[in-house]
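There are 2 protein chains.
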Amino acid sequence: MLRMAYPKTYELQAKFFRGFADPSRLAILEVLRGGALTVSEIVRATGLTQSNVSNHLACLRDCGLVVTRRQGKFIYYELSDPRVEQLLRLADELLAGIAKGVYECTRYTAEERGHG
Amino acid sequence: MLRMAYPKTYELQAKFFRGFADPSRLAILEVLRGGALTVSEIVRATGLTQSNVSNHLACLRDCGLVVTRRQGKFIYYELSDPRVEQLLRLADELLAGIAKGVYECTRYTAEERGHG
DNA sequence: ATATAATATCATCAGATGCTGATATGATGA
DNA sequence: TCATCATATCAGCATCTGATGATATTATAT
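Residue numbers (my numbering), protein chains in the order written: chain W, 9 to 124; chain H, 9 to 124.
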């Protein structure tokens, strides 16, 4: 695939957005909007498996979307910046205004779509 | 993979964000910030191949990030909403403040990282 | 109709991604 | 020390994704 013909910026930005580009991670970000939670609390709140959550949290952390703090044997995760929420909200707004077409952005080769 | 244990919302939002989660698409969005362009102009401006651009444009359109209008044999693409730019700018800001950790969000299993 | 320019679609394939289950690490308490 | 809870990491896999090159479509002009 190669894909390295871009200024570092686009690669970086793309990775950043990929943090938001998965339903499991969005679910995690959502539950974290209520404040810091431990991994097992996140597991309970989302219904995902422990290793799955752990992997996604690592991703979110690498993307800079969450930060951690240890407390005894617990590790608390929380949103790293209020702008993370802001970005989610802005996306929600935009999406609400668009809504129609996002059914299938998959495969980015857009076959016939737009009906159940 | 299956992955359908989520309220439609997260799936939708994830797809929406995926529109932003690729360097080629970010490059396209960037050149479109200057206003509407035809496909071939976008091809020239980005250096990507025609079919590649065309595929990405289809994706961006499905995600609602761009809209099109035909003029003769040309098709003009442009950003669908000023909030698309706004979202990009907000992401830029956030990313600038974070910057450090986004080197490797790939594989989301976070091996040892953070050094060239 | 033919030729040509602009754009879209298709098949294919390498590589990335996310999930699961098992195992490893780390902290706490007996 | 051992047992246990909390979390992280790993291997394997099925799938998704993006790039390429070839072909199809659409519009214009002759």
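Don't take each hint at face value.
[Said to hold, decoys possible] Some chain H residues judged to face chain W by a derived CB distance under 7 Å, without partners named:
| hint | residue |
| --- | --- |
| 1 | Arg26 |
| 2 | Phe28 |
| 3 | Leu45 |
| 4 | Val47 |
| 5 | Val51 |
| 6 | Leu98 |
| 7 | Ala104 |
[Stated by the list, open to error] Label-pair ranges, simulated between beta-carbon atoms:
| hint | chain 1 | residue 1 | chain 2 | residue 2 | range |
| --- | --- | --- | --- | --- | --- |
| 8 | W | Arg78 | H | Gln94 | 32 to 38 Å |
| 9 | H | Gly42 | W | Thr46 | 44 to 50 Å |
| 10 | W | Arg78 | H | Gly43 | 36 to 42 Å |
Hints are computed from structural coordinates only; laboratory data are not their basis.
Owing to the predicted nature of the structure, the values given are computational and were not obtained by experimental measurement.
From the three backbone atoms N, C-alpha and C, an ideal C-beta is built for every residue, glycine too.
- Item | Hints the structure fails to honour | 3, 4, 5, 7, 10
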